Amino acid sequence: MRWREIPPYARNYIIYHTFISPLLIVWYLLPMYMFMTGYSILDIGIIFTLVQVAAIPLTYLIGRAFEKIAIRKGLVLIDALDGLSSILYSLAYGVLAPLFLFLGILVDNISRYFYPLYKAAEKILYPKERLEEIFSWHMRLPELSQMVAFPILGYLFGYIIFNPHAYRIGFFLIGISSIFTIAYLYKFLPPLSKDERIEEESFIFRVDKEFRLILLMEAIDTLAWTLAPTIVLLNYIVNVLGLTFFEAMVVEAFVSAGGFFASYLSERIAPNHRFRVIGAGYILISLWALIMYLNPPFILVVVAYFISRFGDTLMFPFYFSWLFEKIPKDRASGLFAALSSYDKVIGLFSPAIAGFLATIYPTLPYIMSLFMFILAALLMVIYSRLRPLYY
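Take 2 as the starting number for the sequence shown in this note's numbering and just add one per residue.
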C-alpha cells in the first residue's frame with residue numbers, strides 16, 4: 002500500500018505518532034536517572050508496582066466515559082499528562098525527590114490508562130478493508146523516527162551531559178514539548194466524537210470462543226513482556242556490562258530497525274496466513290528471551306532485541322486486525338479500556354517481581370518471558386491448524 006493511498010486523517014494520525022515517538026526516551030531516562038541517584042533495580046520495581054496499584058481502578062471508567070466524549074480530547078489529555086509527568090521528574094531534587102518521582106510516575110500511569118483511546122481512534126480512522134497494510138505504515142514511520150533519534154539522544158545523555166542536573170533539564174524540555182503535540186492534534190485530527198463511531202452495518206459483540214482465546218493471549222503476552230521490562234535491560238547494560246546510556250539507546254535503535262524492516266515484510270503477507278504469522282512472531286520473540294537469559298555480550302544484546310521487535314512487528318498488524326474484527330466502533334473505547342484494565346491487573350506486580358528476579362541473577366527475568374512466549378507460539382500454531390475445522 003502506498004502512502005498516498007491512506008486516507009488523509011489516517012496519515013495525519015501516523016505522522017503524529019512519528020513526531021511523539023522520540024519523546025518516549027523519557028521511559029528510559031527515568032530509570033537511568035533513578036540508577037544515577039542511588040536507587041537499585043529492586044527499589045525501582047517496587048516503586049513502579051506501588052504506583053500501578055494506586056492507579057489501577059481508573060482504566061475502565063475512563064474508557065466508558067469516552068464512549069460519549071470525543072476521543073481527540075482524550076488524546077490531548079494523554080499528551081498533557083505525559084508533559085506534566087516529565088515536568089514532575091524535573092523537580093525530583095533534594096529531600097523532595099522521592100515525592101516528585103512518585104507523583105511523576107503516578108501521573109504517567111494515569112496517562113497510560115487513556116492509551117486504549119489510541120486503539121479506539123485507529124478503529125475509527127483506519128479503513129477495515131486494508132488494516133494490515135495501514136498498520137505496517139503505522140509501525141514503520143515511528144520506528145524510523147526512533148531509529149534516528151534514540152542514538153543521538155543517547156549520546157547526548159550518555160556522554161555529553163551525563164549528570165542528574167542535565168537529566169532534569171531534559172525532563173523539563175520533553176515536558177513542555179507537549180504544547181506542540183497538543184496543537185497538532187487539534188489542527189490535524191477530527192474530533193472523533195460519538196457520531197463518527199456508528200458502524201455502517203450491524204455488529205453484535207460476543208465473548209465467543211475466539212474472543213476468549215484473545216483474552217488468554219493478552220494475559221500471556223502481558224506477563225511475558227512485563228516480567229522483562231526496560232529496567233531489566235538498563236540494569237544489564239549499565240550495571241552488569243558497565244556500559245552507558247548511549248549503548249542502551251543503540252540497542253533501542255536496533256529494536257526500531259527490527260520493526261522498520263518487519264513492517265515491509267508484514268504488508269506482503271496475505272491476511273489468510275494471520276495465525277501462522279502470529280505464531281512465527283512469538284517464536285522469534287522467544288529466541289530473544291533465550292539469548293538474553295544466557296548473559297550475552299553487548300553485540301548479542303543488540304541482535305536479540307532486533308529479533309524481538311522484528312517478530313513483534315511482523316505479527317502486530319495481524320494480531321490487531323484480528324482483535325479489531327471482534328470489536329464494534331461504537332463500543333471501541335470501552336472495550337479496549339476493559340482489555341487494558343485486564344492487562345494491567347495481569348501485570349500488576351510484574352515490575353516488583355522483575356526487580357526481585359534481577360537481583361538474584363541479572364537475566365533471570367528473561368527465562369520467565371521465554372516460557373510465556375513459547376506457550377503463546379504453541380497456542381497460535383495449534384489454533385491455525387484447528388480453526389478451519391470450526392469456521
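Bear in mind the hints are in silico, worked out from the structure with no lab data behind them. All values reported here derive from a predicted model rather than from experimental measurement. Some clues are possibly wrong.
Unchecked claim - Lysine to aspartate or glutamate pairs mimicking DMTMM-like chemistry, simulated, CA-CA at most 25 Å apart:
#1 K120 - D222
#2 K327 - D344
#3 K120 - D344
#4 K210 - D222
#5 K120 - E248
#6 K129 - D44
#7 K210 - D44
#8 K210 - E130
#9 K120 - D44
To be verified - Between beta-carbon pairs, the in silico distance windows are:
#10 P272 - P192: 27 to 33 Å
#11 K74 - P272: 31 to 37 Å
#12 L174 - A55: 45 to 51 Å
#13 V241 - I153: 38 to 44 Å
Glycine is no exception: its CB is placed at the ideal position from the N, C-alpha and C atoms.
Going down the list of hints, with the structure as the test:
Only pairs whose Cα atoms come within 25 Å are accepted, and K120 paired with D222 is accepted, the gap being roughly 17 Å. Proximity of K327 to D344 is assessed by CA-CA distance (about 17 Å); at most 25 Å being required, the pair is judged to hold. The suggested pairing of K120 with D344 holds, with an alpha-carbon distance near 14 Å, which does not exceed 25 Å. For the suggested pair K210 and D222, the alpha carbons sit about 18 Å apart, so the restraint of at most 25 Å is met.
With a CA separation close to 32 Å, the supplied pair K120 and E248 exceeds the 25 Å bound. About 44 Å separates the Cα atoms of K129 and D44, which puts this hinted pair outside 25 Å; it is violated. Proximity of K210 to D44 is assessed by CA-CA distance (about 41 Å); at most 25 Å being required, the pair is judged violated. Using a Cα cut-off of 25 Å, the hinted pair K210 and E130 holds, with the two alpha carbons roughly 24 Å apart.
This hinted pair does not check out: K120 and D44 have alpha carbons roughly 32 Å apart, beyond 25 Å. Remark: the range hint 27 to 33 Å for P272 to P192 is upheld by a beta-carbon distance near 31 Å. In this structure the supplied range 31 to 37 Å holds for K74 paired with P272, their Cβ-Cβ distance being about 33 Å. Hint check: L174 to A55, Cβ distance near 28 Å, so the stated range 45 to 51 Å is violated.
A C-beta distance of roughly 25 Å is found between V241 and I153, which places it outside the suggested range of 38 to 44 Å.
The structure does not agree with the numbered hints 5, 6, 7, 9, 12 and 13 stated previously, though it agrees with the rest.
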